[in-house]
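Visitor: Please arrange chain B on chain H, whose structure you already have, making use of the hints.
Which chain is which? The protein sequence lines are H and B, in order.
For what it's worth, my numbering labels the leading residue of the first sequence as 1, then goes sequentially.
For what it's worth, my numbering labels the leading residue of the second sequence as 1, then goes sequentially.
In case anyone wonders, no lab produced these hints; they're calculated from the structure.
Every residue, glycine too, gets a C-beta built ideally from N, C-alpha and C.
Check the hints yourself; a few may be wrong.
What the hints assert, rightly or not - Label pairs and their calculated CB-CB ranges:
#	chain 1	residue 1	chain 2	residue 2	range
1	B	Ser196	H	Gly320	25 to 33 angstroms
2	B	Lys326	H	Ser323	24 to 32 angstroms
3	B	Ile230	H	Glu59	41 to 49 angstroms
Protein chains: 2
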Amino acid sequence: MAKEGADMTEETEFMIDKNVGKGLENVESSGNAKEMRAVILAGFGGLNKLKVTKKAMPEPQDGEVKIRVKACGLNFLDLMVRQGTVDNPPKPPLVPGFECSGIVESLGESTKGFEIGDRVMAFVNYNAWAEVVCTPVDFVYKMPDEMTFAEAAAFSLNFVAAYMMLFEVASLREGMSVLVHSAGGGVGQAVAQLCSTVPNVTVFGIASCFKHAAIRDSVTHLFDRNVDYIQEVKKICPEGVDVVLDCLCGENTGKGLSLLKPLGTYILYGASNMVTGETKSFFSFAKSWWQVEKVNPIKLYEENKVIAGFSLLNLLFKQGRCSLVKSVMDKLLCLYEQKKIKPVVDSLWALEEVKEAMQRIHDRGNIGKLILDVEKSPTPLVTSAILKWPATARRPVKQERKKRSLRETTTARSECLSSIRPNKTHCNTHRDWTGCTDSPQRNTTTHKCVCMYVCMYACAVCMYA
Amino acid sequence: MAKEGADMTEETEFMIDKNVGKGLENVESSGNAKEMRAVILAGFGGLNKLKVTKKAMPEPQDGEVKIRVKACGLNFLDLMVRQGTVDNPPKPPLVPGFECSGIVESLGESTKGFEIGDRVMAFVNYNAWAEVVCTPVDFVYKMPDEMTFAEAAAFSLNFVAAYMMLFEVASLREGMSVLVHSAGGGVGQAVAQLCSTVPNVTVFGIASCFKHAAIRDSVTHLFDRNVDYIQEVKKICPEGVDVVLDCLCGENTGKGLSLLKPLGTYILYGASNMVTGETKSFFSFAKSWWQVEKVNPIKLYEENKVIAGFSLLNLLFKQGRCSLVKSVMDKLLCLYEQKKIKPVVDSLWALEEVKEAMQRIHDRGNIGKLILDVEKSPTPLVTSAILKWPATARRPVKQERKKRSLRETTTARSECLSSIRPNKTHCNTHRDWTGCTDSPQRNTTTHKCVCMYVCMYACAVCMYA
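For reference, chain H alone in the conformation it holds in the complex (with noise of 0.2 angstroms):
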């Protein structure tokens, strides 16, 4: 098992340089105006199904915006569109992503509220991922000034999602407690900021124990996703938690329902768990499926308790709740210029990098959001060319990679952190860095194929943590 996981991860990334200049080599052939280098996705599937290419830049519809992209968020969702585990996506090759931030570059007849110029994030039904994007206005919204692009694309969904279920599904009050897992995600950093909004509230995060110095900071209490997390939470809380947040499905459901207090609620708003492999897996799929407790009203009726779902995506491009989102987003606008929220970035990737930070994501290596940004260059390094070197010479470049990996997560994460949390102490215990180059203390006993993605994210997190 062990030795699987890193072969696929050498493997992985092998597939990613090859495409990567596959990609490359597709956009400076490119000169014609009409056109723009997009992530396509070819088919339903692994890694090698993106790649990005040439398209023909789509012109707005009555009631569009065109806005050129400057950065688009990067989610858990769109590996499960990748994979093909979503309901009904569009027919590949599409265009993936659901949200960027750019500048307007035009306007569709009739449509108004903006200007060309403009600093905008949006939701995008699909087709984010690419230089350019057109999108009804209702999905549009304008950035604050002092708002980065980078930012904009790791506010929209994260922080509208966190809000809507703290608020408007659990009706999060003074003196509450809220359990959420995958705490160091984007939507895990959001609901933790806006917890700290609300007097009193008591936050349980769930995240995988190299991030935990990190985001310790933001939560009251913080557990590793392996450990019983049940028995710990009641040890704090006999009672159980007012609101749990779950983004994995599968058992933790059950779990969830399980911990919480009368009139409490619990809140399904992904399914990750549905997730193991690079590709689709049925039985992960059924087993997920099989796990999640079918749950009785009357039951419900007993135990005075509340089971929700909550989709955004739905809300917005299936139910047309543009209005509702628009006053939520307003609201946070308001948070964000008084200075209670401020979305944490985890790292910046070209688009011809969407590979590696598919497979960050995968491997739930980030803290916070990560962000394509479509004018950073991707790494020299990353050519085709070094396929054609032998096994052996190849490892100095992989190991290179991951030193500048590093960096640059660090130094995106260090900049959204430090600006929120400028008093963080230094971590001293975290000490799993086993496989690290730049580290002279290894811990042996680590397991390899969990050292490698420990090594190359606990290093950042020690770094800076």
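Guide: Okay, now just chain B, sitting in the frame of chain H:
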């Protein structure tokens, strides 16, 4: 079926007479100050399991309040207790009843916050239907000066439940829509009044058509419980409603969920569909249970829906949420003092008339709350003597009792309703008076077994509506 219904009622009526007579004799022979009258449920089953008898008077324990009871609330749940369809009831013989109002007679050691002579309303974990009850101080609330004991006994359970469902679970806000089953019942009328305290809330009420004239002004749209309400609501709100409040259960759970808007909340707060005949029906129970759609959380995720269960008694007596209920009661008493809400009392009954009262709630004949008035004398017409009369001679007595019941009902109800709806227009559409000796108009097409109840209650409706 029709005949069965008619026979059952006739039989029940004489069972009541017989047992009330017995109860009365017991009481009249009592001269012991340490004894009290109470309604006793001898075993789970039909109306014949109820009797009024003497019982040792309880004394308050530490932290308890002893209340000289003036009025008790009768709820549909009491029928389910009688039939033995609730979970873990105390072993009979038991005294039913969960709420009452009265005067503080003494206090247990360390009981604070009340003085002897205080007018109070209280929740009791069984034992309410008696001349004296003791209950922990956390379940006792002072009554406003202008509130009558009957109103107080009609207030606690219905308004607290309605308020918590609307505002704690569903977060009712301006412009929302609410569908409520049994809109003519105690909770239904409380829901309607509380909705009117929020601007622009649309209330869809479902009730038997003979109640429509009486409750039409309390809701925005009113549908007969026998029509396809899904279609009717969708004609007005194609998108569905924000809140569904369901006390019926069974197939209505699936229907309620299907009627929800995105982000809408379905709340199950009762299972009256499980009660069909006079005694527990395993068939009805199994059917209701089977028809309750088990909910897959993944479906809720896709549809952005919320499903909740609410049981105020479990919240109070099993889950210890007294302080939350106290805060809700404080808000409700403010609304009462501002004359924004006022409990609707359907009718007052002596303890000895508990079976007739129960039959009325079983037949869904009530509009608002049924109250057991502890100080009310049972009707002088109801004595065991009439059992000796031949069947032909009993008929006029029965008719006279209907008329009297009608007058009392009408007086109690109109007092309540007129005070909150002084300008109510007269009903010119209600015509279903078959079998009523008061009415010159008869609808000969109406089914006989239905007529027996329709006559008695519908005429009452017509008289004031």
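Visitor: Which earlier hints turn out false for this structure, listed by number in ascending order?
Guide: Violated hint: only 2; rest satisfied.
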